[in-house]
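**Q** Protein chains in written order, with the numbering used here: chain A, 9 to 276; chain B, 1212 to 1585.
What the hints contain is simulated information worked out from the structure, not anything from laboratory work. Keep in mind that a hint or two might mislead.
Simulated pairs of lysine to aspartate or glutamate, DMTMM-like, Cα-Cα distance not exceeding 25 Å [stated by the list, open to error]: (1) B:Lys1486 <-> B:Glu1475; (2) B:Lys1486 <-> A:Asp74; (3) B:Lys1486 <-> A:Glu93; (4) A:Lys55 <-> B:Glu1484; (5) A:Lys55 <-> B:Glu1475; (6) A:Lys219 <-> A:Asp172; (7) A:Lys219 <-> A:Glu251; (8) A:Lys55 <-> B:Glu1476.
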Amino acid sequence: MAQLSIENLSCGWAARTVLRGVYLSLSAGETLCLLGPNGSGKTTLFKTILGLMPPQAGRICVDGADTAAWGRRQRARTFAYIPQEHSPAFPFTVLELVLMGRTPHVGTLASVGRTDETIAREVLASLGIEALAERDYTQLSGGERQMVLIARALAQQPAFLVMDEPTASLDFGNQARVLSRIRTLARGGAGEPLGVIMTTHDPNQAFLLGKRVACIGRDGSFTQGDVREVLTPELLRSLYGVEVGFAELTAPDGCRVSLCTPLLEEET
Amino acid sequence: MTREDQRAVAPPAPPALAAADAPPVVADAPPSPAPAAEAATPAHGASPVRRRPALVITVLALLLVAACAASLALGRYAISLESLLALDETTTNVLFFMRLPRIAAAALIGAALAGAGCAYQGIFRNPMVSPDLLGASAGAGFGAAAGILFSLGSAGVELCAFVMGLLAVGISYFLSVSIGRSMRGVLVLVLSGMVIGNLFQAFTSAVKFVADPNSQLPEITFWLMGGLSAVRDSDLAWLLAALLLGGVGLFVLRWRINVMANGEEEARALGVEVKRVRLAVVACATLLTSASVAVAGMVGWVGLIVPHLARFLVGADQRVLLPASMLLGSTFLLVVDGLCRSVYTTEIPLSILTSIIGAPLFIYLIARSRKGGQ
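Bound-form chain B, shown alone (with noise of 0.2 Å):
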């Protein structure tokens, strides 16, 4: 039961009305923005949309207002047009303390997520790195179950998640930086993070198998599948903040990722100073993926896929793929978020669905790639 189940006073919808009021989310999917593309006279071989970022990051924004104003409607207390003029109680509850704050996170962290996980695959040249890469998540989850385990209170729980994240990650890069003189740098960076991010996942486990398996342990396993029941006002307050910084860190450091792309020596014959810049990326992605992780628990794919997704959209140019993901990724996570809360009586669990839709989609953007000779 959600937690919106328990609050909305009003008389309970019946079961079977409240399964009938659930539309059908799939409708809100994002169309294809091809109409869009068809005036722009195509280049040889370019995408004509990619010509045109201005319209597409439009297209991409106004499927975001489309997606919240949609959120807003879903849900089981079924809110009619009468109701909402006449602003009731019960209704206006419903709207501004239950569905608002939770499409406001869904919709930072689908940005979040999107936007780290496209900065990372920028610098670390590959299509397929997600913003965990370098244990982010995994001691964000360790410090989420330290403080289940601990009783630290939902506040503790997250402020343990959110400094065990950007600890992981510091761990990580401090232990590449003391290690990987000679070596190449990504390389060990990427091992690095692979070793940290093992190690708190056993750490997590150690803690499952001393945690009282009649409260802690269900508790400690349902906030690692991740979800947005229990978004709290000051959470977002968090999120947002945690947003802006490591978005605009991201967003002024756009072109020297974009110069990264063509590796680390090229970069630096280029003028990029290309370590100061990765520790740069790597510290704001970190924050945005710690943050997010810390609020919503683990939350997969969104960093992976919405990136790829965006690619295909916008081209590789971060000063538009950047804005272009994260507008992308807050609407994935809205639908994805209105799926959990609508096809089941009880909520599923975010991770659940991110995988369920982002794995066949992720088959789908390889074998289009595939065909298209890249």
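The following block holds chain A by itself, in its conformation from the complex (with noise of 0.2 Å):
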């Protein structure tokens, strides 16, 4: 089991340091929402996470080993980037997006081959997206299109997902249902359990996912922990600036939702 640990990291551009001294840990089968404000710092720990930038102080280490001298295949089998929004300059076809996904475990000088076909049309067919292999991607909706890049990460092979915000553009049912993929996913339902970063704008999906939580607040204060335990009504005020009005409901498995929602005030 994979086991990610962060010490003491401190993250930035040149000369703006956005967030200093973060301690984070995931294992293998966690979930971990990143909540803050927009301009907080999120995108930067990403990057920072996946090599995309140096660290300005600290370790990020899976299975205790420091990946400051990992090389960008090395990264690339061990986090899958999950980005946002994504336009390939030219009409792709699914498969061969997914296929991308291989990039990391062939060759500098080679190319995909049949193994990784195999793999990645595996991959399409455990999202049950395999009728959309042979599609053009620029084609695809929203929902449909990330379910590909979902694909794409898994067929990395990784022991990590790093996923920003998911469900962003998604209409309601389709936010759902990518949450409620990642969740399988992150208990293994590819296979091996992986690790999930996620971040979202929607405190109510920390709730929905489960255990584990960081927020950022727009001082650069990193906490963590338990949903129930750190997404008080204090927190989120102070994180989003805005009144925020908590309820409980029973699912229908009988199990407590939390549930959360900004409070509108009259404007002077």
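Two chains, two frames, a set of hints: combine them into the complex.
**A** Here it is as structure tokens:
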């Protein structure tokens, strides 16, 4: 079981440190929701974890090994990135796009082969979208595109999925479908259990997905822990600067589900 | 008058006859490969041709062979079947020492320019990019003009053009690397290429300005318009070497070029060393472009339009697109060069016809892609 541990990490752009002293650990099978207002540094943290920008201080370790010395291919075999929006410049088919997830597994000067195509098709089938294989990616709906990007990430056979607002721009039903897919994947629905880190603007998604949440404040403060303990009305109010109301409801299966909603104030 | 006209020693054909002999090249234009696709079951949305890449490549290769054969028969000196079978001296002279080298050059240059354009469009994520984006053609044009100004002879002019093409792109690249640390890599590179390209065009104008208006200036102007009438056997060896080196380079990078179409950050997250791949692709494409321009002068449009055409046939995957573009590029340039030598009593410079044919074709392709909803 892969274990990600981030120790005393500082990250940011050349002259500006966005986050300081972040400690975080995540095991395969766990899902961590990352909340924070716009511009708080969620993307910066992501990019640092993915190795797209170097950490300013601290370490990112996988199973105890520092990733600083890793090459791109080794990183890509460990972390798969699912971007928020994706617009390839050319009309690739779904299968071609999913095959791109095999890139870190083929040699630098080689191309993907039959084995890779088999894996890509298996991943598509496991997500129930094998019928899309020959379709033009650019002509898919938003929900289908998100599933294809998840398929591409799974084709990387990573230990961790890093998802940037996977439900942004999806309709109500697709949001729920993608979330339950994420939960299944974390539990090992595609083989090995995966560690999932995802950003979201909706605290309810953290409630729905369960245990772990981390919040980045405007001032760079970093709070993490169990969803029910961390996501208090006070914290959400200070995080987003609005009043928040809470409610609980009982799902058909008897589980208690917490829900929150921002409350509108009269504008003066 | 073409060189072929001057060297064909046999009784010169009367002009009227010659004009009548020129077969209509339009008939050689690539027929639609649609029949090949009929057997394939159309899948959701994807063009059926895209599912049979091997077949499309075979059809394109056969088309190239047909274009070569048609080009061999094409020219002012008519070759009859009897003279071909009799192997009379004039016929073999025309065939092997004039037409064959020219056909080989057209095929090699077409493949080189189309392959370079195809790879550039991939790594710059833009279907409107052509191989002279970073100044290769502008640099080579200046090199040739300078070579003519200093009377370096035809080999010297070619070498000068080749080296200056490489140099212009090299300057663009290192300029972008040194100023673009914090900015987005591709944007800075494209801007540097624009600046350097314009600068070299200004240098070319300066050379034209000081050149002897009676001898050198027309030579420079003619060279810049492009043409294959002055191709020599030694050029072919150089062209072939450049095509092999650059073509093999692009071929081994074909999958990484695909992944780079997702954008720099995603490509890196997928395990691609973006900067290294970009540098390698730029080096290979520049080798191809500079060698082509050095031999044939400025030949526009091939590197822009042929990859477009190929993408319509085989889709965006460089594993198929790259060879398809190169085959189609060869055929395209053979057809255009055939027109150059046959539609008018004197030979028409290549770039004039590539533009006249390329521009409307390009507009048509754009209109079609709009209709396709992309």
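**Q** Holds or violated: Lys55 of chain A and Glu1484 of chain B, Cα atoms, limit 25 Å.
**A** Status holds; Cα separation ~16 Å.
**Q** Has the given pair, Lys1486 of chain B with Asp74 of chain A, been kept, meaning a C-alpha gap of at most 25 Å?
**A** holds, 24 Å
**Q** Does Glu1475 of chain B lie within 25 Å of Lys55 of chain A when you go C-alpha to C-alpha?
**A** Roughly 13 Å between the alpha carbons, so the hint for Lys55 of chain A and Glu1475 of chain B holds.
**Q** Sort out whether Glu251 of chain A lies within 25 Å of Lys219 of chain A, counting only the CA atoms.
**A** With Cα atoms ~24 Å apart, Lys219 of chain A and Glu251 of chain A stay inside 25 Å; holds.
**Q** Holds or violated: are the alpha carbons of Lys1486 of chain B and Glu1475 of chain B at most 25 Å from each other?
**A** holds, 9 Å
**Q** Given the hint that Lys1486 of chain B pairs with Glu93 of chain A, does the C-alpha gap stay at or below 25 Å?
**A** Satisfied, since the Cα-Cα distance of roughly 23 Å is no more than 25 Å.
**Q** Is the hinted pair Lys219 of chain A and Asp172 of chain A satisfied, with a Cα-Cα distance of at most 25 Å?
**A** holds, 19 Å
**Q** Quickly compare the C-alpha distance for Lys55 of chain A and Glu1476 of chain B to 25 Å and report which way the hint goes.
**A** The given pair, whose Cα atoms are some 9 Å apart, holds under the 25 Å limit.
No hint from the list above goes unmet by this structure.
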